[in-house]
Each structure stands twice: as structure tokens, then as C-alpha cells.
Amino acid sequence: MNVSLILVILLFGALATWYSGDKWASKVALAFSTVAFGVTAFLTYRFFTVDNPTVTLSFSKMWIANPRVVLFFKADGLSLAMALLTTALTPIIILTSFANLFPRKASFYGLILFMAFAMAGTFLSEDGFLYYIFWELSLIPIYFIALMWGGGDAEERKKAVVKFFIYTFAGSLFMLLAFIYIYQRTGSFLAFNLYNARLNETEEMLIFLAFFLAYAIKIPIIPFHTWQANVYQKAPAAGTMLLSGIMLKMALFSIIKWQLPIAPHFAEKYKYIFIALCVAGVIYGSILALKQTNLKKLLAYSSLAHVGLVAAGAYTMTLDGFRGAVLQMLAHGFVVVGLFFAAEIIERRFATQEIADMGGIRLKTPVFSSMFMILVLASVALPSTFNFVGEFELLYSLAQANIWMAVVGGLTIILGAFYMLRMFQQVMLGDGTRAFADVTVIEGVAFVLIIAVLLFFGVYPKPLVELVTPTLNELLTYIKQLR
Amino acid sequence: MEILIAIAGLGIICLIAEIFNARKAIVPISIVGLIAVLVYTVGRCLKGGKEFISGLAMDGKGYFNMLVSDKYSLAFSSLFILLAIFLIALSPDFHKNHKPKLSDFVATKLFLLTGAIAMVAFGNLSMFFLGIEVLSISLYVLAASEPKNLKSNEAGMKYFLMGAFASGLILFGIALIYGATGSFDTAVIQTKALSPDLPKWFSIGFVLLSIGLLFKIAAVPFHFWAPDVYEGSPALTTATMSTLAKVAAIAAFFKLAYALNPVLSGRFITIINVVAIASMLIGNLVALKQTNVKRMLAFSGISHAGYMLLIFQLHGLTAAQSNLFFYAVAYSIAGIAAFAVVLSVCGNKGDEQIFNFNGLGKTNPVLALVLTCALLSMAGIPVFAGFFAKFNLFSQVLSKGMNSPSAQGIITALILVIAAVVSSIISVGYYFKLIIAMYSKEPNEDSQPLVVPFAYKAVAIVSFVLIIAIGLWPDLASSLIRRTVLVENMIKNKII
Amino acid sequence: MENILQEIGIDNYIYLSTLLFCVGAFGVLFRRNAIVMFMSIEIMLNAVNLLLVAFSTYHQDAAGQIFVFFSMAVAAAEVAVGLAILVAVYRNVKGIDIDNLKNLKG
Amino acid sequence: METNLALLLLFAPFAGFLINVFFGKKIGKNASGYLGTAAVAVSFVVTLFFFLQVSSTKKAISVELFEWLNLQNFTVGFNFLLDQLSLLWLMFVTGIGTLIHLYSISYMHDDENMHKFFAYLNLFVFFMLTLVMGSNLLIMFIGWEGVGLCSYLLIGFWYKNQDYNDAAKKAFIMNRIGDLGFLIGIFILAHIFHTLEYTNIRTAVENAWTIDRTWLTIAMLCLFIGACGKSAQIPLYTWLPDAMAGPTPVSALIHAATMVTAGIFMVTRLNFLFNLTPDVLEVMAIVGAITSLIAASIGLVQNDIKKVLAYSTVSQLGLMFLALGCGAYEIAVFHVITHAFFKACLFLGSGSVIHALHGEQDMRNMGGLRKVMKITFATFLISTLAISGLPPFSGFFSKDEILMTAFHHNTVLYVIGSLASIMTAFYMFRLLYLTFYKDFRGTEEQKHHLHESPGLITFPLIVLAILALVGGAISLPGASWLNEYLAPVIAKPAVHHHLGPTEYMLMGIAVVGALVGIGIAYAKYMNKGEVPPQDSEIKGVAGLLYNKYYVDEVYTAIIVKPIYAIGSFFKNVTEAAISGLVFGFGKAAVFLGKQGGAVQNGSVGFYLLIFVLGICAIVGSIFLIK
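Protein chains in written order, with full-length UniProt numbering: chain V, 1 to 483; chain R, 1 to 496; chain Y, 1 to 106; chain C, 1 to 626.
No lab work stands behind these hints: they were computed from the structure. Ideal placement from N, C-alpha and C gives every residue a C-beta, glycine not left out. Take these hints with a grain of salt, some might be off.
These stretches of chain Y come out as covered by chain R in the derived footprint (C-beta under 8 Å, 3 or more residues) [to be verified]:
#1 13-26
#2 40-49
#3 58-69
#4 74-81
#5 86-94
#6 99-105
Taking the hints into account, I'd like the entire structure generated from these sequences.
Here's what the structure looks like:
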């Protein structure tokens, strides 16, 4: 049993869902994604218990002779943690879509599973070429999900979605060039070999920037973010969740796994520029979130702010920064899915995303409002939620790098509270007369799962810390050795 | 040679079959015959054949080096035969209104195939000239094959005039080369080309020949005919031109360039680079505004020609051959898949406007899926074949640049790949126009339910499977042209 | 034969046929009557034929002359197809001015 | 055993919270109220047990649960420390907490969400306990933010009213400003000491580590900013008066007795560090003094009974910071305790009044309640005397010690502090007179319903009044039990001045000052029988004071508005520009495509011309250009 099983299940699940027909699709998808999560969790457990886990649980097989590509799915702490995020969120996301009366459900859920497959593949690939393939592959399902099941004006949506696709595709093509370039040196795409490519200064710069372009667009880091809010707003909730919950983590993960170890000198030399850019994104996103009148757009900008901080932490190239980034990725993944789900629930009942049209919901929905409140609080990183753990570590790593970065980045805890509470007040509080049904059982289950994760790991993050730390240390050793 | 004879024979059988009123047997016979030839060719290809064009010397002893059967020509021949099989399979349904002429269409395609094969398998310039002319004349005929349709007339006329003009250039080029070296035999020319006292005409001749071929592959600025002719010709002819003819021309161009003149001058390569960049960018940019699918695919074809010209950034002839072959396979099979869907959708509509594709995702999901995959493959998105094709090309260009001693080399390489990347990005814009039409627009109200003939569907699905299969096992295609692990294993296990 | 060649010099043959070729090319460029354009193309091809024959003699090699036969055959085939297309065009537009054919563009 | 008991102490309120959240609605209002009260009472009992134990053994108890955060330089665990300081705090948090819970059962009885109220209160107590019990700064931070959350929830308890929600939000955000300071302080301390455990830091300090004083100063300053946020000091004090939007028990518990003292707790906790940074202490003293004066001056003219008490709280907290700034930690703690007694009593008293008047809070519409609400009046009077600093009430001792210390420290600060005290005496008696004396000025309807509050409300009042009366006994001048008790946790005890002539003179001045304040109030409101004018008629200095120096407006103008303006700029300009740029690429591509299409004009002649030009260009560039 090794990590390739996760991918097999997801891919097979995608096909099975597609063939199962509209009636059964959602259930089949849920079943497969849950099994995938179970397998991932079991593998993680095995990772702690077996000797030499990376060897035992990895999968590698020759794939293409020319270029030399190996089907290498590696089980290390980082990849398992990210795979866990993917497989844990997928069933939740599927669960959140149960109440949506989509046409062509089979395709919809099939695409979700296929997306999960591609994303899990991205996280697990140890071979750069393979990684790139999965990276690009994940674009296709989300493109179709957003295009075909999205809301709002069709023309606007098309515009937003096509912009998103072309934009991210553009970024990743430059990453492909970077990979090809290094491959010419190494003759292999395996991460280890790529790390040891021995590039000179100019080459490192070009490669770093090529990677940066790809990641900056996907994360997104300002000023490459303009696709984000529109797509988040227009995609169906499940698509937005996939995008914000998992897909953008692909890029953050890649910074740690690919960009920094491959171009460590350049990163070390100019890290402050990139940290500053990311931190600027934190402020920029937060301030913009304040001005939003559309709930989903507000959440999109808040996401921009949060991931900016994560990216900044990653660029500090310290253990704290890395670990904080990984933990915050996981935490943000859950919280943002929860928040978008809350927005979706409101949209289902009120048929609007405009904050001005909401209000007074709390009067009618004790359960929903409590859940939403907890998610809001997690999002503003209240201590004892998982987000605090990540954010604390991130800010600490920034403080180690430069105290002013931490101060400016830390403004997120003020501004974040500002816009989130303002949003909560306008959306949920106040007086209102419109009927609003409280959450259904299925909706409630999805919320409870998310909140349970956020609170549990907020208090006891140790298992995750122990999972990722050795791998991150290893990566840092590479980076340090090489520089 | 036996391949050529067999195919030409098949063509003649088709014509005879018509005489004996065996019209229904024409297509099956030719397809079965072609499959047999294909198996034979692939078998020869895998088993042996010299790997390099440089090994041109007197391979086909019996034929006075008129034809050579190295891996390069065999591999491309198999590709052409495969494409011809697809094209012929599409014929009967396409020409169902002109049943009596079916034998002519099929036979013309078979003769066209012989021309294409002669173009890549030549060992002698006269063979090459005959090949290219057979191919061209067949295409003139096919382009104008709807005499009552003004568009078809115009396409045929334009193609003919410009094609004949280009033929003149090619001929002039050949004459000058002959004048400089005293022989049409490529092996002789190759040795002579290296001698220092080569008359200047040789280079002029070579350049004129190249321009003629650049015209055939529709590279900027010799591309003007392509969109008009593609649009005006009957769709099946367009399919032939954009797949078989284009691929044959680029394969011939590459072979010619390295067979005649193994050390190409830097100036020449620079010209090719400029042409490549211009083709990629102009093709993709102009495609953005097109509303006719055939015209759009014509511009897309121009840009693909530009990509394929990157192959002249040579770093290792074997790799270059294999990369070109791979690109040709990926491009032409995706093209066949796309055209199979275009034929299915627009076959009875008279034009190929994009709105005809509205809602195809709902009315016929399978065809929509095939077209989507074909377009994604052309756009170079993994895990489809087109991605590996582009990957190999970029990889070759970069490796050439990185291994060049001067800084200029790497800068050139970077400019080339970045131009390629930028144009790939642009290309997504119009490929997605079609995809959006299929998936996010409602079906046209007045459209009748789509009746898709079996042959169209079969071709679409087979080519679709090929796109994916080649994407998943890229070695599959490469093994035709270079010795891969796959081939070694097959030989070891006595499969071939 | 050889004497003539030596007397005149191969260069002059090349110039002549180049000139002829250019005459043909300019004919194609500047005339709008399709038949005249065909004729101009024929001039181009024949210019090349002349050159080939000259080279054949120059090199004392028969291949060039054989090639001329090929080229003539091909040219004939080409013209046959071309004229057929022309006839079809004429039927549709009642004219052979190629400027009538501007429907496909953009 | 100790661990389990400590956990019981900590988690009893949390259990109350959970039960109230999940089953509160089912078990009914009274049950949920008593359950909440019992949960806190359990904590109180356990605290008492520990308090007695530690008082006798003088040995701190520490409990270690499990590791929480693991950073490169340090780890943070869920560790708790029950030493003299934390137990002292726990005593009055759980004690007063129990009383206020009890009070709330009656006070909140008419509210449909009573179970939620108790849930929040319990949660608050839980977080407050976490704050106090934590053995490192990060656990304290959990509590620190947690109480902020509960404060937010309780201020906005009546969430139908958006003004209340605004107040709640404001409280949370202003607290968060302080929290950022706190967090940055933690970062720097962690960087310096590689640990956040108090005991470890103290050991490090005592072992005379070479500590970078600059960074330490910055760190302590940041922590002080945190304290400013939580304890409502300039410039972050404006949330506290607004926080009066919450139900009165909340004001009593959170915004008077416990949460707002967290800043003082933190400073006292880290006294050994603050001792090393005299500059920060100086700043603290100045900020405290100015806050106390400004808040007191605003309190002079407020008409909302709770607002007056709120400003009085800010002012008293200022005095505590003055004491801290003078290095007199024990005295600050002493004042915290006495203040907790009398201010809780005052708030609960005002709540009793408001309860009786069905929500009326404007003193202009009160008066004459003395006759109807005898117990409330009596307890209120005791507490007012205590806060005014008249002997022998508890406030006298604590306040006097603060002023005395300030006098020895810096005369200017002393003067400011004294002025604030005089004002305090004035406005508190103004409050008393306006509320309880003269005739009732409300509506007939209200008058008809006037009544003394039920026993559940008066009982806590009585208990607190007694404590306010005798609370001074824990630290009598010269014989201070408190100073002795706290000695182990205070690194450098305050200099205790012998009661010499100067000291007696200062006491005298203080008493006289208080009497002067009371006298003016008496003259104005009893003799002349003045009633404060309507809002529109308040002008001049009074107007400035009544409008709180327009601080809120200034903040809005210089902080909130600019942020929104920047937001508009980002939204309308930068976003549009970036987006336009990206779309611009697309548009440029389409434009170029159109141009390219225009060249494709359909004319064969033209095509051939380009063809020939292309040939010429290629041939020319190869053969003609050298």
C-alpha cells in the first residue's frame, strides 16, 4: 500500500461518478472521496509507525524514457499533509454541494473528484515533470466547473473564467520553461536532482522569477490577483472552495517544495523584496475587503490577505516560516471552505451575494450563526483555533526576519477583525423579517467537521507539526547546504 | 519503394473498381490495403532502418538511391498512411451527395499519399519534385472539387496560382542546386556541398527551395493562401491540407535542409527563427478574431508551422527528428480529431461558423469531449499528446541555447521559447472560444438533431484515444523514429 | 553544343533564365487575367527548363535533361488542372479576372 | 490531584458554557442560570482551597498538560501556574464572578436568550481563568483574546440593535490593536529569551543575562500597548464607555472588575522585566496619570449613569497604571482589588436602578430613588464613598497609597492624580445625588412601577458593599498583608514610606480634596437642585467634555476615514488599473489580430506581391547584407 493508491481511488472515483448517472453521482463521489481520505489518513498513520516510511510508502516507476520522467509519488511529511488537506476537504466540499440542484450532476461530481486527483497528484509528485502535468491538469476541471455551473451573468462569467484560465496557464508555462531549463542541466526531473542543478546567478534569477510568476498568479500575490475575486464570485460554491481551499495551496506548497530549494541563492539574496511584496498583499487585500459589498468578493480579498501572509512566511526560509506556512495552509483551507459554504447557504436562501441585502439572519438561526461566528473567529485567528497556530508561527518567522514586516503583516489581525466583524454584523446581526431556515443536517455535518478540525488542531497541532517538521527540516538543509 | 507501389496500386484498384461497379468496396479495400501497408511500414520502421538522415548514402541500392528507407522516412510514411486511413474513412459520408465520384476522391487521396511519401522518402531531388507536385496537384483538384461552389472555385484557383508559383520557385531552386553540384542525388549533393569551391548559386538555389517549402507549410509571410483556401475548400480537403499536407511539407523541408546542406549557415537559421516567431504570433493573433472554424484552424495551423520551424534549433539530429515527428503526430492527429467533429457538426450546414457548435456539450457530449481534448492538445495542455510535443520542442531549443558557446545562443533560445510561450497563451484564447460555445451556450433552436455517421464517430474516437494514449505513453510515438527502451524490449522478447 | 556553351559561358545562361523567370514572375504579379497568369507561370517553368538543360550540358550529365521531361510533364498536368479550375470559375462568375475572386478574406 | 483540581478549576466554567450552549434552551431559564452560577462557584471553591494552601506553603503550584506550539527557538505548552499573584486574581475573578452570575439570574430573567447569556459569561470566566492561570505569555494570550471575544459577544448581546453591535465591534478591534502590540512584544521576548515561561524568563533575568536593553524596551513598550488596549488607556480607551451597550452585569464583571484589569495583571506578572526598562515605566506612569485625569474630566458631565461609571473605571485604571509606572506593583494590585469590589457594586447598583426603571439610563430622568430602593441606595452610597477615597472605606487606602507613591516619584503626576481624585469624588456624588435624591423626574408610568430589586439582586450588592467597606484591611499602611503575600512574585518591592508627617499631610490633602469634590457636588445638585441640561444646551467647556473631547470623531477622521479612502482608491483606481492592464494585453492581442486580418484582403495579386517581397527580403538579407 503506498500513496499512489490515493490517486488511483480518486481517478477511479471520478470515472465511476461520471458513469453512475445523475441520480447517484453525489453519493458515489462522496463514498470515493471518503475512502480516499481514509486511505490517506491510514497512510499517514503508517508514516508514523513503519520503519523507513518514505521508502515503504512511496511509489516509483519509470514512465517516459525521453524526457526521462519517473512516476514518483513520494510520501513525506509535507506531501502527506497536503494530501490530507485535499482528501479531507473533498468529501466536505461534496457534502456542501448536496443541496444544489445542478444539472448534469454526474459530470459535476466527476470533475470535482478529478480535480482532487490532479491536486493530490501535484502534492505527491516528486518528479518535476509529473508535478507540472498534475499542476496543469487541475486547471481543466476547475475551468469547466466554473464555466458550466457558475452563477451570475453568463458573459461576465465567461470573461472571468477565461481570464483566470489564460492567466494561470500563462504563469505555469513559464514554470514549464524553468523546468525544461534545469532539466537540460540535470537530465532528470527528480526533485533531488533539480535541487542540485548548480545554476549560476543569472540562471537562478530567471528560474526563480519564472516560478514566481506561476505561483504569484495562482496564490495570488499582488499585483497578479485580479482574476481572483471575480472567479470566486462567479464560480459555484464548490468550485470556489476547491480553488481557495486547495488549489491555491498548490502554489504555496510549490514555493516550499520547488522554488526555494531550486533557486536558494537568489531567494536568499532578494527575499526581503518578496516578503515585502507578500506583506503588502496582506494590507492591500485587507483594505480592499473592507470596501467590498459582495460577500464572496469580500471573502476572496480576505483570502488574498491571508495567503499573502503564508507566502511571506515561506519566503523567510526558516523552519518557523515553512512550518507556519504549512499549518496556515491547512487551517486556511478549512476555514475558507467553511466561510464560502456559509456564503453559499445564505445565497441559497436569500438568492443574493450582496451584503446590503442581508441582515437579521441571526434572529432565526441559532445554529448557523454560531457556526458562522466560529468560522469568522477562526478566520481572524483567535487563539485556540488552528489559524492562530499558523498565523502566530508565520508572524514570528517574519519578526525574526524583520520586525517591521511582522508589524505590518500583523496589521492583518486588526484589519481582519475589522472587515470580518463588519461583515458578520451586516450579514447576520440586526433586525430582519425575512424567513431563513436554519441549517439542514447535511449542511450542519459539513460545518461541524470543519469546525472540529479547526478547534482540535488549534489546541493540539502536535501531530501535524510532527508530521511536517522532519521534511521541512530536510528541505531547509538542502537550501542551506546549497547556499 | 514497395510502399509507394502498393499505395499507387491501391489507387488504381479504386479507379478500376468504379469501372466494375464495385463502388461499395472501394473504401473498405483501400482502408484494408492501407492498414496492411501501415503494418508493414511500422514493422520495418521498428525493426531497422538507419537512424540518421546523414546515413543517406545508397540505402535503396536497387532504386539508384531514388528512395531511401531510413527511420525518418519510414516513420513519417507510417504517420501519413495513418492519416490517409482516417481521411479515407471519412470520405464516403462526406461525399454522399457525389456518390459516382467517390472513386475519384479516394484515388486522388491515395495518389496524394504517394506524393507525400515520396516527399519524405526521396533520395533524389527529382523524386522529391515529383512527390511535391503529385501532392500539390492532387490538392488543387480536391480544393476545387465542388465545381458549382464559388468558394471552392476561389479556393482552388488561389491555391493553384500560388502553388504553381511556388512550384516554379522550387524548380528554380533545384535547377540552381543541380547547376552547382551536377547531380540530383542528395548523397552527392551533400558531399559537394561541403567542398569549398561551391558556386554561389547553390545557396541561392537552396534558399529558393526553402521558400517554396515555407509556402507549402504556410509560414509567415507565405501563409496568405492558407486561410482562404482552407475556408473555401470542402471540409475534408481542408482536413487533408491541414494535417497530411502540412506535416509532409515540414518533414520534407527538414529532411531537405539537412540532406542537402548539413551545415546550415547562421544567417539562414536566423531567418528561419524570424519566420517561426512571426508565424507563431501572427497565426495565433489573427485566429483570435475568426468566427469560421476552418479559418480559425487555418491560422492555428500557421502558428503550428511556426512551432515546427523551431526544430531548426538543432542540438543533435536524432533528437530533432524525433521531436519533429512527435510534434507532427500530435498536431495532425489532433487535427483529424477536430475535423472529424467539425464534419459531424457542420457536414450538412454549408458553413462552419462557431455558433454551429453551441451546446454541443449537451447534445452530443462525446463529440464535444473529443473536440475539447483535441483543442487542449493543440494548446499544449497536459496530459495530451500536444503537451509533450511542445515540451520536446522547447526542450530542444533550450538545450541548443544552453550548449552554445556564446551568450547570444542562449538569448536567442530564450527569445524563441518566450515567443512560443506567449503565442501558446494567445492560442488558448481562441481554442476556448470553441469550448465555451460547446459547453456554456444553449443549443441553437433551429438546429436539427445531429445525426452523426458511424465513420465520423469512429474516426473521432480513435484519434481521441490516440491523443490520450500518446500523451500517457509518449515513448509509443517516439519509438517509431528512434530506438527506445520499448523497442529494445520488443526486440528482446521477439515480438518483432 | 559544348562550344556554344563555352563561347557564351554558363553565367549568361543563368542570367538569361533568371531574367525569363523574373519576366514570368512579374507577369503573375501584374496581370489580372487568369490565362495570362498561367502563361506567365509557364514562362517561369520554361525558364527553369532552359537552365536545367544548360546545366545538363555544362556538367555533361543527362540527368538534367531527364529532369526537364519530368518538369514538362508536371507542368502539363498542372495546367490541365488549372484550366479545369478556370473553366469552373468562368461558369460561376462569367469572367476570368482573378480580382473577381475576393470572397474569401479576413 | 493538584492537576485534576486545577483542571476542575479551569474547566468548570467551560463545562457550564458547553451545557448552556447545547442544552440551555431545553433546561429552562432558571436552571441554566443556576448552572452557570454553580460552575463559577465550583471554581471559586477550588480557588479558595488553593489559595489557602499556597498562602500557608508559599509554594507555587504548576501544572503541565501538553505541548502546544513548537517553534524553532522555543516551545509553548499548555502549562498553568498557580502562584500568589494568579490565585489572588482568581479569588476575586471567581468570587465576584459568582456574585454577578447570581445577580444575572434575576437581572436577565426577562431575556429570551438567557441561556446564551450565561453561556457567554461562563466562557468569559473560563478565558479569564486561562489568562490568569497560564504559566506563559502565550497561554495568557489565549485568555487575553478569549476575554476580548466574550466581551464582544456580550456587548453585542442585544444584537438587533446595530449601535450595540458597533460598540461590540469597536471594542474587539481596539483590543486587537493592543493585541498586535502584545504579540509583537511576545515575539521579541521569545527572540531574546527563547522561552515564554514566566519562571524561565525570571531565572534568565536574575542570572544577569546580557540582555539587549533596546529590544527589551521595545518589547515592553509593545506589551504596554497591549495592556493599553485591554485596560482602556490612552489612546485606546474609547471602546470602554461604548461597551456599556452590553447588559449591566457584563459591565460590572468584564468592564469593571476583571477583564479590564488584565493589563495590570500582565504588567505585574512581568514586573521583573518592566523593572529593567524604567523608560517604559515612566511612559506608563504618564499615560496612566493623563488617562485618569481625562477620563475623570469627561465623567464630570456625563448623564448616562453607566457612562459615568465607565469613565470612572477608565480613570481608576489610569491610577493603577500610575502606580505601576512608579514601580509600585503591589499597590496597583491593591487598587485593582478594592476597585473590583466597589466598582462592581456600583455597576450592579446602577443595574438595579436601571432594572427598576425598565431600561432608563439617563440620570436626568431619575431622582429620589433613595426612598424606594433602600438597599440599593445603601450599598451604592458605601461604594461611592469608597471610590471617593474617604476613610475608612477601602478605596481610601488604595488610592492614597497610589498618590503617595506618585508624590515621591514625581510631583506633577501626583498633582494630576489628585485632581483626578477630586473630580472622581465630584462626579460620583453628582451621580448619587441625581439618582437617589430629590424627586423622581421620570414618567408617571415609571414612577408607578418603582420597586426595590429582588433578593437575588440585592444580595450580591450587600456582599460587595461589605467588601468595599472593609477591603482596605488587606493592605493597611504599615501592616500590609498583601505586600507580604505578594513578595514572592514581585521582584523589587515598592519603596514603602514610613508614615511620617509628609505622608499624613498627603492623606489629609486627599481626604480634604475628596470632601471638596463632594462639597461642590452637594452645592450644585442638592442645594441648588440643578439638573443637567438637555444635550443641545450643553456648550463651551462642558460641551467639549460632554462630547468626550471629540476623540471618537478625531479617530474617525484620522484613522477610519483614511482607511476607507485608501480602500476606495484601491478599489476604484489600482484594481481597475491592474485589471485594465491585464485585460489590456487581451485587447491588444485582439486588436493586432484584427489588423492582421485586415491584411488578409482576399486578393491573390496582393498575396503574390507579399510573397515576392518576402522572397526579396530573405534573399536580400542572406546574400546582400554583409
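So is the region 13-26 of chain Y in contact with chain R by the C-beta rule, three or more residues under 8 Å, or is the coverage claim wrong?
holds (count 5)
Can you tell me if the region 40-49 of chain Y counts as covered by chain R, using C-beta to C-beta distances under 8 Å and a minimum of three residues?
holds (count 5)
Are at least 3 residues of the region 74-81 of chain Y within less than 8 Å of chain R when you compare beta carbons?
holds (count 4)
Given coverage of the region 99-105 of chain Y by chain R, tested with a Cβ cutoff of 8 Å and a minimum of 3 residues:
Answer holds; 4 residues pass the 8 Å Cβ test.
Go check the region 58-69 of chain Y versus chain R for me, would you? Three or more residues, Cβ under 8 Å, otherwise it fails.
This one holds; 7 residues, not fewer than the three required, reach chain R with a Cβ under 8 Å.
Outcome, coverage hint (the region 86-94 of chain Y, chain R; C-beta under 8 Å; three residues)
holds (count 6)
Of the hints listed earlier, there is not a single one the structure fails to meet.
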